[in-house]
Amino acid sequence: MLSKKNKGILFNPLSKNNPVVVQVLGICSVLAVTAKLEPALVMGISVIAVLAFSNVIISLIRNTIPNNIRIIVQLVVVAALVIIVDQILKAYTYEVSKALSVFIGLIITNCILMGRLEAFALSNKPWPAFLDGVGNGLGYAIILVIVGFFRELLGSGSLMGCKVIPQSFYDMGYMDNGLMILPPMALITVACIIWVQRSRDKDLQEK
Amino acid sequence: MPGGKFAKLQSVFEGFETFLFTPDTTRKTGVHVHDSIDLKRTMIIVVISLIPALLFGMFNVGYQHYLAIGTEATVMEKFAYGLVAMLPSIVVSYTVGLGIEFIAAQIRGHEIQEGFLVSGILIPMICPIDTPVWMIAVATAFAVVFAKEVFGGTGMNIWNVALIARAVLFFGYPSKMSGDAVFVATEPVLGLGKGTVVDGFSGATPLGQVATATSEPLSITGVTGEPIGLYDAFIGLIPGSVGEVSALCILIGGAILLYTGIASWKVMVSVFAGGFVMGTVCNMFATPVYPASMLSAVEQICYGGFAFAAVFMATDPVTGARTETGKYIYGFLVGVFAILIRVYNGGYPEGAMLAVLLMNTFAPLIDYCVVQSNIRRRLNRVKK
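In order, the protein sequences belong to chains Z and X. Start counting the first sequence at 1; every next residue gets the next number (the numbering used here). Start counting the second sequence at 1; every next residue gets the next number (the numbering used here).
Honestly, I wouldn't trust all of these hints.
Said to hold, decoys possible - Interface residues of chain Z toward chain X, partial, derived using beta-carbon atoms under 8 Å:
id	residue
1	A99
2	M114
3	L159
4	M160
5	M175
6	N177
7	P183
Said to hold, decoys possible - Derived, one-sided and incomplete: chain X residues facing chain Z with beta-carbon distance under 8 Å:
id	residue
8	F146
9	P174
10	V277
Just so you know, these hints were derived from the structure itself, not from any lab. Here a beta-carbon is modelled for each residue, glycine too, at the ideal position from N, C-alpha and C.
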């Protein structure tokens with residue numbers, strides 16, 4: 001089940017081939033949904049689900065898709081899955097779904113999805129395609145959660161909506177940094193992650 | 001000189017050895033001819049030209065404070081209060097900024113550049129006196145790392161480092177950077193200036209009052225409600241960030257910069273021209289909907305940080321336009337945008353910071369257009 005090759009497919013996207021910090025895909029939603037940790041987490045799980053299942057479906061029907069219209073077929077599959085996810089979120093976590101607003105719908109246009117479908121699912125069997133989807137989704141979700149963690153902690157003093165910075169800090173004059181809530185700091189936080197990763201992993205450094 | 005016991009700390013050693021001057025030890029081989037003006041001397045002249053505004057700013061901090069608590073005090077007492085209130089910010093800004101510079105130079109094996117000497121004094125000067133020192137430390141660290149070191153250090157930055165520090169404070173901690181509670185120090189410092197605030201006290205800056213004004217004509221008042229006019233604003237006896245209050249002292253500093261040739265008169269003059277033109281235009285279409293449009297062009301230039309931005313921020317040669325024609329365009333647009341933001345954006349009573357940062361971003365584009373049009377002009381000449 002998890003041969004050496006499959007393990008690579010699953011775990012490489014977590015660090016060495018991360019879709020966000022190495023391939024720099026899907027940045028738009030990273031900037032938009034990470035002001036708080038909870039939406040970031042939900043968004044990450046949604047992308048994992050959509051990516052994994054669309055990879056499997058496309059992989060199953062890969063031999064029957066005419067080459068000329070493959071993009072349309074991929075879009076239909078992804079759109080269907082996104083609508084399902086969107087409806088589930090609306091039903092069970094309405095508040096988070098409102099916070100994510102259009103960005104769940106915009107998973108359709110997330111470059112990571114089309115990229116994986118084109119590059120992997122169209123030419124691989126369903127099981128590796130599933131692992132690839134989960135791996136890339138996880139790689140995306142990890143970055144989202146890291147960014148969301150720091151932005152909510154420094155910007156609102158809370159995590160998952162609970163205050164974690166004690167009141168005594170505020171009494172001594174500490175203040176939450178409003179800039180962390182604004183989109184520029186998401187970009188800078190991602191840049192810091194890239195910085196840390198590149199300085200740990202010499203292979204990724206560009207000359 | 002390789003080999004010594006502390007060879008690894010060479011850049012730190014060199015930094016102290018050559019602090020503010022280049023030592024007169026010369027090479028034994030080969031001759032190097034230098035202009036007498038180098039980076040170190042440029043930086044120290046800018047610091048000298050900031051001193052009038054700094055000293056007056058300190059005095060004004062004390063002046064406003066004693067006015068607010070309704071106590072008589074001598075000039076020296078007022079100055080002492082301002083000095084003591086101001087000193088922690090300066091020390092923190094220098095310690096944090098230079099600390100990062102030293103570490104960065106050490107990691108890269110570069111010489112330590114004096115670039116931060118100017119930024120370090122600018123940062124406390126463009127902040128309200130009541131800004132907590134830890135905020136200054138955070139903003140300075142952020143600005144030095146993300147606006148300067150990541151681009152390659154002194155001379156490589158795209159945006160003015162001091163203004164980035166201020167922008168971080170402005171967007172990160174808006175309640176400490178605007179409003180009417182931060183520009184006048186009301187607490188005693190080290191036992192100096194004890195007393196309670198008098199009735200009717202308001203610490204709003206003139207532009208802050210204008211932005212929230214509802215009645216016509218505009219009435220701008222000092223901290224105890226006495227009216228203040230253009231003369232007070234020119235001399236600098238108004239509430240505001242430490243360095244920006246006195247147009248007169250800023251102009252003295254500007255004169256030093258121009259006399260020594262450090263700053264470009266083209267930038268400086270065109271910023272004032274841009275501000276004057278835009279101020280006049282706004283004033284022609286004055287409406288109570290945008291209260292700041294009721295200020296005359298001269299008032300626009302004297303109030304707030306406009307003069308400071310024109311003299312010390314826009315003239316930064318690193319972040320400004322470098323072509324000679326570009327300097328006119330760059331400066332003019334800084335002036336125009338400063339007034340434009342101030343008048344038509346209700347959220348920002350002061351636009352000088354944002355205007356300079358915006359034009360910093362566009363300076364390379366201006367240079368590119370100027371160079372390209374020059375090339376095109378000369379090519380046309382060849383074709384004929």
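Hint check:
no. : hint : result
1   : A99  : violated, 22 Å
2   : M114 : violated, 32 Å
3   : L159 : violated, 19 Å
4   : M160 : violated, 23 Å
5   : M175 : holds, 5 Å
6   : N177 : holds, 4 Å
7   : P183 : violated, 11 Å
8   : F146 : holds, 6 Å
9   : P174 : holds, 6 Å
10  : V277 : violated, 31 Å
Consistency note: the structure conflicts with the earlier hints numbered 1, 2, 3, 4, 7 and 10.
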